[in-house]
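Just need the whole structure built from these sequences, with the hints factored in.
Chains E and W, in that order, give the protein sequences.
For the first sequence, the numbering used here begins at 1 and goes up steadily by one.
For the second sequence, the numbering used here begins at 1001 and goes up steadily by one.
Please keep in mind that the hints were generated in silico from the structure rather than gathered at the bench.
None of the values given here were measured: they were computed from a predicted structure.
Glycine included, C-beta positions come from ideal geometry on N, C-alpha and C.
A portion of the hints provided could be inaccurate.
Unchecked claim - Ranges between beta-carbon positions, derived for each pair:
id, chain 1, residue 1, chain 2, residue 2, range
1, W, 1013, E, 71, 44 to 50 angstroms
2, E, 22, W, 1013, 37 to 43 angstroms
3, W, 1045, E, 33, 35 to 41 angstroms
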Amino acid sequence: MSKPETLPMSISIKFFARLREQVGKDSDELKADSVTTAGEAWARATDGAEMPVNTLMAVNMEYVDADTVVADGDEVAFFPPVTGG
Amino acid sequence: MKVEIRKKGFEPYAELARYQTELNIDGQYGACATFIGSMRDFNEGDSVQSMVLEYYPGMTEKYLEKISTEAIDRWELLDSLIIHRVGEIHPADPIVLVAAWSAHRAAAFDACRHLMEDLKSKAPFWKKETLSDGERWVEKNTLG
Chain E
1 MSKPETLPMS ISIKFFARLR EQVGKDSDEL KADSVTTAGE AWARATDGAE MPVNTLMAVN
61 MEYVDADTVV ADGDEVAFFP PVTGG
Chain W
1001 MKVEIRKKGF EPYAELARYQ TELNIDGQYG ACATFIGSMR DFNEGDSVQS MVLEYYPGMT
1061 EKYLEKISTE AIDRWELLDS LIIHRVGEIH PADPIVLVAA WSAHRAAAFD ACRHLMEDLK
1121 SKAPFWKKET LSDGERWVEK NTLG
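In structure tokens:
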């Protein structure tokens, strides 16, 4: 019987545009020991930096909010409001 | 349905003609509505020299495919096309082409407008402008 809460998780983090410049990296690989949310992933990947209020986030390339739980192997992305078109 | 991200310049009218020929729906569609967006040489009162368009490889295509599929279902379109530029662009360069084909004009107009507004508000693209005195990220898109 596995114990999910003790399994190390690997989460791929990505930052885009202004956030990439502010954080100073375009990606990171997080190791976590327990269930974590997208918001917690931000905190760990940025050493607790405050998340800009209008930050958008995606898990596995789908929009989510900060409370969304992330799983082992997930890709979590953070980016500012979009300005395409 | 086609969604494409282009890293080099494209000619929207030629793309449109080529794709429509490939579609082979002559006689079926009564309407084709298109939108072509190009780069301005001004923004928020400043002269803009060039711009870099960044995107999220994978998610951007996925998002555009999702809204295209939804629009085809909702307006019973015969087909749709989205081409969007990324990389360094200059004033007058085409940025985006959206086209919708349908039996009647209302569906084509409405779907084209909807696709464009959805792309503008949610598709992961970001613009960074080069001005005469430096660079700046575009913080938000202008309304309509």
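Against the structure, the hints:
no.	hint	in the structure
1	W:1013 x E:71: 44 to 50 angstroms	holds (46 angstroms)
2	E:22 x W:1013: 37 to 43 angstroms	holds (39 angstroms)
3	W:1045 x E:33: 35 to 41 angstroms	violated (51 angstroms)
Hint 3 from the list above is the single one not met by this structure.
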